[in-house]
Every structure is written in structure tokens, then in C-alpha cells.
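Student: Throw the hints in and build the complete structure from the sequences for me.
Note that this note's numbering has the sequence shown beginning at -9, numbered continuously upward.
By construction, these hints were calculated from the structure, which means they are not laboratory data. Warning: the hint list may mix true and false statements.
As the list claims (entries may be wrong) - Cut-off 25 Å, straight-line C-alpha distance, at most; resulting in silico cross-link-like pairs (SDA-like, lysine to any residue):
1) Lys68 <-> Thr31
2) Lys94 <-> Val52
3) Lys132 <-> Asn111
Said to hold, decoys possible - Cβ-Cβ distance ranges computed for the label pairs, FRET-style:
4) Pro25 <-> Ser105: 30 to 36 Å
5) Asn74 <-> Gly46: 14 to 20 Å
6) Asp26 <-> Gln107: 31 to 37 Å
7) Met160 <-> Val133: 18 to 24 Å
8) His83 <-> Asn41: 18 to 24 Å
9) Ser105 <-> Arg50: 38 to 44 Å
10) Gln81 <-> Gln48: 33 to 39 Å
11) Thr60 <-> Gly116: 35 to 41 Å
Note that this is a predicted model, so its numbers are computed, not measured. The C-beta atom is built at its ideal place from N, Cα and C for all residues, glycine as well.
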Amino acid sequence: MNPYGQGQWQQGGAAPSIFGALPSAPATNPPSAMPDSVMFTFTNFKTTILNSTVLGPQQRTVYRVVTEATAPACTIFKDNESRNVAMVQWQPHVNIEIHNVAAKQRVRDWLRLASDQSRRNMEVRGVQYAWAPMDGFICMYKVHTSAPRVLARIARIPNTVMLELTQEAMQANMLEPCMVATVLLCCGHNID
-9 MNPYGQGQWQ QGGAAPSIFG ALPSAPATNP PSAMPDSVMF TFTNFKTTIL
41 NSTVLGPQQR TVYRVVTEAT APACTIFKDN ESRNVAMVQW QPHVNIEIHN
91 VAAKQRVRDW LRLASDQSRR NMEVRGVQYA WAPMDGFICM YKVHTSAPRV
141 LARIARIPNT VMLELTQEAM QANMLEPCMV ATVLLCCGHN ID
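Tutor: Shown next, in the form of C-alpha cells:
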């Protein structure tokens, strides 16, 4: 079960709970930006986030998320030069592969649900991160630090999903792992 994304959101409707039991307040307006951050917007949904365009600064297309109707068992992430940068295979088990970041592995291992179900843990380049709900967002922070702070966050507004990364996250090359995590957390599919 994917406790972060149960189903689709209708314009004007409430977003589902991100854990299935906790309330989730949908943003009705674009959230205010974190200081010194970069915003990416998943838009142009063709039914779901699994077919979307990722816009970066100045509203330029930087990635596309593509799930072909003829091959629905696979979702490909393409950069603005149509190079494949990541792939999710939905069957027989949900697997993820991110070029130069994560070798092919099960999503449930890459985005591990904590035993208390309060967060999903993710390892990228040997660093542990966690995704957890905070103030209407799904936020990512480093796990093993004395003062955790938000490095990325996901917000949902009608027909759009926004991913915001701090400069620290950008410098750590976290855009592609965060982009893939955003899709997995918001797609409504079972990722375990």
C-alpha cells in the first residue's frame, strides 16, 4: 500500500490522506517558497502524474514522466533531451532504477516505510533521508543529523504537484531522486 497517494485528486476536491489515516490539508493556492529554493511543477497530467511534464525555473520543461498506454507496466523519466534518467517497472514487483543514483531495486526497499508508518526512508549515495508529512506538505530531511531541516517538500494543488528543493539539495544532486520519489508518493499505486 502507498500511504502517501491513495487515488487521484479532483479539482476543488480534498486531497486524500497521505498515510490513509492522517488528515491531509490540500493547498488551494501555490505554497510560499522556502528561502533560496528551486521550484519544479508536475503539470499537463494525462489522467495521472504518471504522464506529466516537469517544469523548472522560468516554466521550462526539464523532464517528462511517460507511461505508454501500450506498456503500462513501465514508467520512464526523460530529461529535456529525451534521455532516460529513471525507470519504474510496475510488474511483477515495483522496481526502481535511477541512472547513476540507484541500481535496479524494489521500491519498497528504496522508499522503506518506517515501522511506525510515520515516514518513508530513502538512501541516496550513502546518505539516509526521510519523507514525512509536515504542515500540509510531504517533506524530506536528512535522518542522521543533530538538527534536521527540510531539504525538499511536495505540495499538491488542483491538477498540479509541486516539488521544491533547497540549494543544499540541488548541490547534492537530489533533483532526480526527489522527482522520482515525488511521482511514487503521489501516483496512488501500491509501492510496497
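Student: Could you work out which earlier hints the structure fails to respect and list their numbers in ascending sequence?
Tutor: none
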